[in-house]
Amino acid sequence: NCWGFQAGTFLSNLDEAWRDFFAARGQEEKAEFYLPAAVDGLMRRRAARVRVLPTADSWFGVTYREDKPRVQAALAKLVRRGIYPSPL
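Residues in the sequence shown are numbered from 109 upward in steps of one, following this note's numbering.
Just so you know, the hints here were simulated from the structure itself, not pulled from any lab data.
A virtual CB, placed ideally from N, CA and C, is assigned to each residue, including glycine.
It is possible that part of the hints are untrue.
DEER-style ranges, computed between Cβ atoms [said to hold, decoys possible]:
# : residue 1 : residue 2 : range
1 : Arg152    : Arg127    : 17 to 23 Å
2 : Ala164    : Thr117    : 30 to 36 Å
3 : Leu196    : Phe129    : 28 to 34 Å
4 : Ala184    : Arg159    : 28 to 34 Å
5 : Val187    : Asp128    : 14 to 20 Å
6 : Leu186    : Pro162    : 16 to 22 Å
7 : Gly112    : Glu137    : 28 to 34 Å
8 : Glu137    : Val179    : 19 to 25 Å
Below, a list of computed lysine to aspartate or glutamate pairs in the DMTMM-like style, where the Cα atoms sit at most 25 Å apart [as the list claims (entries may be wrong)]:
#  : residue 1 : residue 2
9  : Lys176    : Glu124
10 : Lys138    : Asp175
11 : Lys138    : Glu124
Turn these sequences into a full structure, and let the hints guide you.
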């Protein structure tokens, strides 16, 4: 997923969601702040609008250390195909 945000009210509202999350779960080692859930909450409160831009490209999530080799291999393939420059 790729998100783009405009500065101002939206990011202030997102910051508030982060603070709430951190206060409730900040001490949990595996706690994750799910950006889609935070944005959904803002949309439900009518504090944000979202526009979806379609793409045919793939995304590579890196959450845990174990994700790194898979993502490195996928990015290396894109470099070999000339889609990304080397070095990145």
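These are the hints, each one checked on the structure:
1. Arg152 / Arg127: 17 to 23 Å: Given about 18 Å between the Cβ atoms, the range holds.
2. Ala164 / Thr117: 30 to 36 Å: Between alanine 164 and threonine 117, where Cβ atoms are some 32 Å apart, the hint holds.
3. Leu196 / Phe129: 28 to 34 Å: holds (31 Å)
4. Ala184 / Arg159: 28 to 34 Å: The hint (28 to 34 Å, Cβ to Cβ) holds, given that alanine 184 and arginine 159 are roughly 32 Å apart.
5. Val187 / Asp128: 14 to 20 Å: violated (40 Å)
6. Leu186 / Pro162: 16 to 22 Å: holds (20 Å)
7. Gly112 / Glu137: 28 to 34 Å: holds (30 Å)
8. Glu137 / Val179: 19 to 25 Å: Roughly 22 Å apart at Cβ, these two residues keep to the hinted range, so it holds.
9. Lys176 / Glu124: violated (30 Å)
10. Lys138 / Asp175: Measuring from Cα to Cα gives roughly 15 Å; hence the hint holds.
11. Lys138 / Glu124: holds (21 Å)
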